[in-house]
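Spelled out from the first residue to the last, the chains are:
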Amino acid sequence: MHPTSPSKLLRAYGDRQNDGMIQLTFVLELPPSARAKEAARQFAELHGLSEVLVTTMEPCADGFTYFVAYGHSKHAIDPSLIDVPELRTEALSREEIEHRVKARLGRKIIVVGACTGSDAHTVGIDAILNYKGYAGDKGLESYKAFESYNLGAQVENEQLAERARALNADAILVSQIITQRNCHKENALALIELARKEGWRDKTVMLLGGPRIDHKLGLELGYDAGFGPGTKPSDVASFLVEWMCGDRDAAGATLAASETA
Amino acid sequence: MLTVPMDTMKVARCRELAGAVADDVQSYIDAHTSVGVERTILRAYGVDGIDDQGAPLVNVVVDRYAKAGVLGRGISFFLGRALLAGAADLQDAAERLAFGPTLDEGKEGPDAPAVLAVLAPFTKAALARIDDARDEREANKARIKPGGEPLKYVIVATGNIYDDALQAKAAAYAGADIVAVIRATAQSLLDYVPHGATTEGYGGTFATQENFKIIRRATDEAALEYGRYILQTNYSSGLCMAEIAWMGAVERLDMLLNDAMYGILFRDINPCRNFVDQYVARRIIARSGIIINTGEDNYLTTADAVEKAHTVLASQFVNEAFARHAGVPDDKLGLGHAYEIDPSIENSFLLELAQAQLIRQVFPTHPIKWMPPTKFKTGDIFQSHVQDALFSLVGVTTHQSIELLGMFSEAVHNPMLMDRYLSLKATKYVFNTARSLGDEISIKPDGIIAKRAVQVLDEALELLDEVQRDTIWEAIAKGSFADVKRSRTGGKGYKGVFERSADYVNPILEVLEAT
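Top to bottom, those sequences are chains P and F.
Heads up: take any position in the first sequence, counting from 1, add 297, and you land on this note's numbering.
Heads up: take any position in the second sequence, counting from 1, add 1383, and you land on this note's numbering.
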């Protein structure tokens, strides 16, 4: 629906315009009976359905009943009154990531990641880099577009810097989970200072992630981006691809969108 | 009767190659132990409890002796010496090892034969505990029979073990034969087993010995109520593979996820550590009569199910070879495979049927495990329900032993009570309505299905040839399985691997190996 469509109240469309027909399935904790059926009917009515038809009532566990009900929803909605940003950059698809890197870069993006300092929690860096990924979203290892190295936890900044330079890394991912007394900020900042001192800060894209990190904090600490909780590997992958393939503004937009999600 | 062409000479050659691959690794395994293995032995001797920081006592003991660089002699050696030095019992002996003011460096004093002698009655008791649990399980199964094959397997995953128990019973009511409690996210990377009943977990519930007991109680009750033995399953792959296998053995679990390579490929566990641990885990499993489930189905969630189908078969041969080395009989070896081909591919159903039937024929006595579509599931639950129905049709037609039921809400959330109910209802319908289909039909000799089966076996043979030539270490390093690359000394837990000394003491393992 285009946002400038004329105002129009919509009801659910079943068989005919404005009949409002919808179906509902649910479980109630009681055995099947005439009373249970009536309870299901009234339950559906409370959800705004009229002329409720309970079409299925089956015991699905000891003392639990599964219902399917149909009814007319009285509710109507006017989409023209809804305010949502229509231009929302989403994470790139896997195909798009592979394609762009192959077509525009012609080589793999080399990524080195670690959980630095005394922090022993690899869960964040593992979720982003390792094959298995996070919440069904496979990690950077699963892409042909990336060559990734997960150095694990308790990696010192010097060690990380040395390894990244030896591997000719395009990107460094730093994960900071432990936040006691702001040690995550100090540690993260120290790596940036090291990079500046050694003169390679601008040659490498540097990303920071963790449960108490956001994009703003990442930028404040001198990183190119910060990734907070709920970040998926494909978000990081998209950012890196946009960045490496020359569209740094788009990279930032991807990030902003993923944060509002 | 449905059969696909299968060259038995090629199958025999695959087994031979996989056997050689496992032989090569076995010589490494036999020369090493790990912190996980030694903790398992302590648990088997009855050492239990946690310290004031919540760390399991077995970890405190083993970490102390690992740090001192003497774990290669076997923790049993030090345990026996503590006993000879006056400890009241093995628990007391372990506490002395953990907290005693001086560390036993093993220099003077009782030698290995003296230790073996003093441990002998305790070793016997440790084995008896496993045997008793096995006998009790077998007696229960004889009294109340399990359902028919394909056994219907469902997962509960609430994070709270008490909710899991309720959902397990609900699933049994609705017709499930097997209930698995999936583990909390990343438990496989913990180098200790949490203690006690747990009510908080994300993506699943912690595997702990107490949690095993709670689910066993629920499934035993369900068996009595519904007149059908309910199999209990949990997951052991990871850094505590052997410990969890032992817990499963003594708490009468029926099945355990236990793969020779899953941890390496999908959890980045160090290959050396994983191979050493899986061996001891499987020795215990073999003794306890638990059915293993392997994880080849996972390969197809990362690699392409059409192009990489043969890697599943090749890995099954390797898993079988490792299991045989650990004494697991074929009829306890539930090799995994999956219905994961892109549904938009024309005739993908035929390809699925070909592979499922081929694996049935290659492993005729194995309780093979058929896994549902996950990769191409979307939030359209109605379409998803149809995909699951076709998956079940392949399952029953090709006589799979165990079927993990697809959930229409796969891409949405952990299954709710009604999701599982509807999945069981639909699966019962498909199984019943097509019960003898596989016995009635035959396929076109040179058709799509036949050709596919031939191709998959040929490619598996080719891959095994390569793996055998390169060794499994090299094959894993170059991404032959699941497109994942792992190096021999990389990954988690390598520091926990130790070379066994010439006088390594592990009486429990010795008995397990002798039987």
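No lab work stands behind these hints: they were computed from the structure.
Please note: incorrect hints may appear among the correct ones.
Claimed, not checked - Some chain F residues near chain P, calculated using beta-carbon distances under 7 angstroms:
| id | residue |
| --- | --- |
| 1 | A1553 |
| 2 | Y1556 |
| 3 | A1557 |
| 4 | A1569 |
| 5 | L1573 |
| 6 | F1649 |
| 7 | D1687 |
| 8 | V1689 |
| 9 | N1797 |
| 10 | L1800 |
| 11 | Y1804 |
What the hints assert, rightly or not - From chain F, some residues computed to sit far from chain P (all C-beta separations above 12 angstroms):
| id | residue |
| --- | --- |
| 12 | T1386 |
| 13 | D1390 |
| 14 | Q1550 |
| 15 | D1651 |
| 16 | A1686 |
| 17 | D1802 |
| 18 | L1805 |
| 19 | G1874 |
All figures in this text were calculated on a predicted structure; none of them were measured in a lab.
Each residue gets a CB set at the ideal place from its N, CA and C atoms; glycine is no exception.
Inset, instruction - List in ascending order the numbers of the hints, as given earlier, that are violated by the structure. - result: Hints 5, 7, 8, 9, 14, 15, 16, 17, 18, 19 contradicted; others consistent.
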